[in-house]
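Line by line, the protein sequences give chains G and C. When the letters of the first sequence are read in order and numbered with my numbering, they come out as residues 1 to 426. When the letters of the second sequence are read in order and numbered with my numbering, they come out as residues 427 to 633.
Where hints are given, some of them may not hold.
[Claimed, not checked] Distance ranges between label pairs, derived from CB positions:
| id | chain 1 | residue 1 | chain 2 | residue 2 | range |
| --- | --- | --- | --- | --- | --- |
| 1 | G | Ile298 | C | Arg596 | 52 to 62 Å |
| 2 | G | Pro381 | C | Ser505 | 42 to 52 Å |
| 3 | G | Pro381 | C | Met458 | 24 to 34 Å |
| 4 | C | Val435 | G | Thr408 | 58 to 68 Å |
| 5 | C | Lys444 | G | Gly232 | 34 to 44 Å |
| 6 | C | Glu492 | G | Leu57 | 48 to 58 Å |
| 7 | G | Glu243 | C | Arg487 | 36 to 46 Å |
| 8 | C | Ala631 | G | Phe262 | 54 to 64 Å |
[Unchecked claim] Beyond 12 Å from chain C on every Cβ pair, some chain G residues (computed):
| id | residue |
| --- | --- |
| 9 | Thr7 |
| 10 | Ala92 |
| 11 | Glu123 |
| 12 | Thr231 |
| 13 | Asp257 |
| 14 | His277 |
| 15 | Asp285 |
| 16 | Asp338 |
| 17 | Tyr345 |
| 18 | Glu425 |
Hints are computed from structural coordinates only; laboratory data are not their basis. Cβ coordinates follow ideal geometry from the N, Cα and C atoms, glycine included.
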Amino acid sequence: MTEVVATNETILVVGGGISGMTAALEAAETGKQVVLVEKRPYLGGRVSQLYKYFPKLCHPTCGLEINQRRAKMNPNLTILTMAEVTGLEGEAGNYTATVKLSPRYVNDNCTACGECAKAVEAEFDNEYDYGMSKRKGAYLPHVMAHPMQYVLDPRIIGTDDAQKAKDACKYDAIDLDMEEREIKFPCGAVVWATGWQPYDAAKIQPYGYDRYENVITNVEFERMADPKGPTGGKIVRPSDGKEAKNVAFIQCAGSRDRNHLFHCSRICCMASLKQTHYVTEAYEDAQVTIYYIDIRAIDRFEDFYQKVKAKDNVTFTKSKVANIITDKDGNPICRGVDTEGYNRYENTHDLVVLATGMEPSVTKADFPVDIVINREGFIEPDPANGAVFAAGVASDALDVNRAVQNATGAALKAIQVVNRVAGAEG
Amino acid sequence: MSDMNTAMVEKYRSNFLKEVEANVEEGQWVKMCMQCGVCSGSCPLGPYWAHPPQEIFMMIRAGKREEVLSSDSMWMCTSCYNCIVRCPRELPITHIMHGLATYAKKLGLVPKNQPTAQFSQIFWDNMMKKGRVNELKLGLSLYFKDGFGQGIKNALANQKLGMNMMKAKRMSAAEFFGGHGVKDVAGLQKMIKKAEEIEAAKLEANK
Ligand SMILES: Cc1cc2nc3c(=O)[nH]c(=O)nc-3n(C[C@H](O)[C@H](O)[C@H](O)COP(=O)(O)OP(=O)(O)OC[C@H]3O[C@@H](n4cnc5c(N)ncnc54)[C@H](O)[C@@H]3O)c2cc1C
Ligand code: SF4
Ligand code: SF4
Chain G
1 MTEVVATNET ILVVGGGISG MTAALEAAET GKQVVLVEKR PYLGGRVSQL
51 YKYFPKLCHP TCGLEINQRR AKMNPNLTIL TMAEVTGLEG EAGNYTATVK
101 LSPRYVNDNC TACGECAKAV EAEFDNEYDY GMSKRKGAYL PHVMAHPMQY
151 VLDPRIIGTD DAQKAKDACK YDAIDLDMEE REIKFPCGAV VWATGWQPYD
201 AAKIQPYGYD RYENVITNVE FERMADPKGP TGGKIVRPSD GKEAKNVAFI
251 QCAGSRDRNH LFHCSRICCM ASLKQTHYVT EAYEDAQVTI YYIDIRAIDR
301 FEDFYQKVKA KDNVTFTKSK VANIITDKDG NPICRGVDTE GYNRYENTHD
351 LVVLATGMEP SVTKADFPVD IVINREGFIE PDPANGAVFA AGVASDALDV
401 NRAVQNATGA ALKAIQVVNR VAGAEG
Chain C
427 MSDMNTAMVE KYRSNFLKEV EANVEEGQWV KMCMQCGVCS GSCPLGPYWA
477 HPPQEIFMMI RAGKREEVLS SDSMWMCTSC YNCIVRCPRE LPITHIMHGL
527 ATYAKKLGLV PKNQPTAQFS QIFWDNMMKK GRVNELKLGL SLYFKDGFGQ
577 GIKNALANQK LGMNMMKAKR MSAAEFFGGH GVKDVAGLQK MIKKAEEIEA
627 AKLEANK
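Based on the provided sequences and hints, a complete structural model is requested.
As structure tokens, this is what we get:
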């Protein structure tokens with residue numbers, strides 16, 4: 001099925017998050033040939049896992065839907081999902097990319113009717129919900145997934161479940177003989193948009209993320225607030241399912257800390273301010289405490305910050321929490337010393353949300369190309385990178401608005417390279 | 427007030443931070459503190475300090491010279507290193523605390539009868555005699571630092587501890603008569619004296 005027609009005037013985009021989609025679409029809409037390679041079975045990346053966007057508090061699905069429509073309508077764009085770039089050889093204007101395609105075991109006949117999922121018994125942690133829920137061994141990654149096709153988990157291949165799934169499909173969409181494949185194709189320029197992953201909160205030992213059930217991360221909290229998420233949108237404690245009305249946010253959990261991430265992740269202050277809305281909207285008698293070093297609500301976000309600050313059930317405590325302990329009921333207790341009076345505190349909450357930062361999803365050792373990476377792990381613009389241009393969070397910790405602007409810039413750089421190639425070839 | 431203190435007040439009149447940067451070991455780190463509070467919250471003795479490290483650093487920047495140098499806070503540091511391990515900015519907090527204590531001592535600003543300061547002096551004097559600490563004599567000097575009567579009381583109260591230390595060979599009664607030392611005591615003393623001279627000259631030059 002996946003035939004890739006490409007030349008050295010083709011632009012390769014690696015990563016199909018909001019940044020990669022933007023770069024790919026911008027380039028394709030100027031008439032360039034673009035191949036978009038995404039590791040997951042669907043496009044959208046991390047924003048597809050957010051409940052709402054700051055600052056407008058609208059749903060990310062809306063923006064993603066527009067992009068998906070643009071993608072469907074554009075004949076210049078080839079999308080490869082469950083695909084990873086494993087090699088890139090050559091130089092600006094003349095690269096050969098090697099891409100590994102993992103089998104989906106489902107072909108284009110799939111209508112997303114869901115009969116296969118009903119037939120399958122095995123369940124696995126749902127990565128879309130950061131493991132807070134289970135999904136079947138045959139599954140649709142999420143309700144708005146693009147492409148809208150089911151996937152078979154490779155762990156059921158060879159088991160009865162695989163056959164059950166195949167038998168249940170009325171459209172002959174399940175192909176158990178699919179295998180991993182490797183393809184090679186030429187391209188002239190590359191946009192690298194592999195984004196981020198949440199910093200591993202368990203590494204911040206004094207916060208006990210790995211020990212306390214009622215200490216969770218901000219990405220998990222996004223899933224929790226989502227009506228399509230693991231709790232049906234209810235803000236509750238993982239330990240006992242009780243309503244979590246007294247919620248604490250700990251800022252810079254991992255970021256701005258030389259023991260963890262050097263950089264400020266830039267979005268987590270705004271993410272916590274946004275998530276404060278989730279709590280205050282869910283419960284009239286909500287109590288939110290935000291522990292912070294300083295609030296980084298840049299530019300027009302200042303307004304958003306001031307509005308949250310004005311709420312009388314939201315407390316801002318200027319202090320990085322030193323450690324968390326729990327009481328016998330599993331209530332997390334935040335301990336520390338504040339900076340406005342140097343008062344020692346021990347505050348009990350129902351739930352603590354760690355505002356964990358973003359770290360680059362690809363480590364230096366895993367880049368298939370030689371690339372200049374800064375101390376923080378992000379790609380530096382550098383002539384030594386040839387025609388590989390970083391976009392979105394692969395280049396720096398950015399919010400969606402800035403990631404998208406950055407991606408458009410990267411697309412332009414890539415277009416300039418393939419235009420030069422076209423010019424030279426006449 | 428010592429002459430050195432008067433000279434330093436004269437020189438750095440309105441800039442205590444500069445004074446700390448120039449004269450306190452690791453003092454140049456103070457300005458790097460971002461006031462997050464993790465050090466204060468992680469300090470096991472924090473609740474007993476007048477000013478936790480984070481506050482001390484702010485006080486230095488705010489020019490509260492008298493309060494800082496005559497405070498007993500930095501003398502409360504037990505060198506557990508919790509703060510250094512946790513500080514997001516890698517400030518060598520423990521070392522700065524010791525640096526501040528040392529500087530306060532050089533200027534003659536240590537609060538009267540500060541027990542840690544007293545202990546440090548006794549420890550130093552003890553160690554300088556033979557190049558090694560004489561545990562028995564150290565214990566005795568400590569017990570008797572507040573007079574003979576109190577000394578006997580202290581010794582009796584800690585009798586069991588002393589016996590156990592002897593049993594475990596952590597202390598020996600024979601230490602009373604001389605005790606062990608390094609091979610070249612005179613050499614060591616000369617070396618330390620030289621180091622002290624260099625330090626004093628540095629301080630003098632900064633006056
Ligand atoms: C808790 C939280 C809340 C947030 N809320 C908001 C908000 O409300 N508003 C806002 O503006 N921003 C928000 N952000 C920031 C936002 O999530 C990012 O700006 C956005 O995800 C950046 O998109 P991206 O495409 O650069 O990266 P990603 O979303 O990470 O996309 C990268 C894509 O690349 C793919 N990929 C990775 N490696 C490979 C590989 N080797 N080969 C192929 N593909 C690969 C990934 O699967 C992924 O699909 C939030 C962040 C957090 C942590
Ligand atoms: S955005 Fe806020 S919470 Fe996130 S690292 Fe920066 S200062 Fe800390
Ligand atoms: S932990 Fe470090 S940065 Fe934070 S207040 Fe203490 S010294 Fe300052």
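Cross-check of the supplied hints:
Distance hint check: the CB atoms of Ile298/G and Arg596/C are about 59 Å apart, consistent with the given range 52 to 62 Å. In this structure the supplied range 42 to 52 Å holds for Pro381/G paired with Ser505/C, their Cβ-Cβ distance being about 45 Å. At about 29 Å, the beta-carbon gap between Pro381/G and Met458/C stays in the expected band of 24 to 34 Å. The beta-carbon spacing between Val435/C and Thr408/G, approximately 59 Å, falls within the hinted interval of 58 to 68 Å.
For the pair Lys444/C and Gly232/G, the beta carbons lie near 60 Å from each other, so the given range of 34 to 44 Å is not met. Under the hint 48 to 58 Å, the C-beta atoms of Glu492/C and Leu57/G, about 52 Å apart, fit the expected range. Range check, Glu243/G to Arg487/C: about 44 Å between beta-carbon atoms, so the 36 to 46 Å window is met. Ala631/C and Phe262/G have their C-beta atoms about 37 Å apart, which leaves the hinted 54 to 64 Å range violated.
Residue placement check: Thr7/G keeps its beta carbon more than 12 Å from all beta carbons of chain C (closest about 49 Å). Non-interface call for Ala92/G relative to chain C: holds, since the shortest CB-CB distance, roughly 40 Å, exceeds 12 Å. At roughly 40 Å, the least C-beta separation between Glu123/G and chain C is larger than 12 Å, which holds for a residue marked as non-interface. The Cβ of Thr231/G sits about 31 Å from the closest Cβ of chain C, beyond the 12 Å cut-off, so the non-interface label holds.
Here Asp257/G does not stay apart from chain C, with its beta-carbon only about 4 Å from theirs, under the 12 Å limit. Its beta-carbon lying about 26 Å from the closest one in chain C, His277/G satisfies the requirement of being farther than 12 Å from that chain. Its beta-carbon lying about 29 Å from the closest one in chain C, Asp285/G satisfies the requirement of being farther than 12 Å from that chain. A beta-carbon of chain C comes within 12 Å of the beta-carbon of Asp338/G; the shortest separation is about 7 Å.
At roughly 9 Å from the closest C-beta of chain C, the C-beta of Tyr345/G falls inside 12 Å, breaking its exclusion from the interface. Against chain C, the non-interface label of Glu425/G holds: every CB pair exceeds 12 Å, the least being about 53 Å.
The structure does not agree with the numbered hints 5, 8, 13, 16 and 17 stated previously, though it agrees with the rest.
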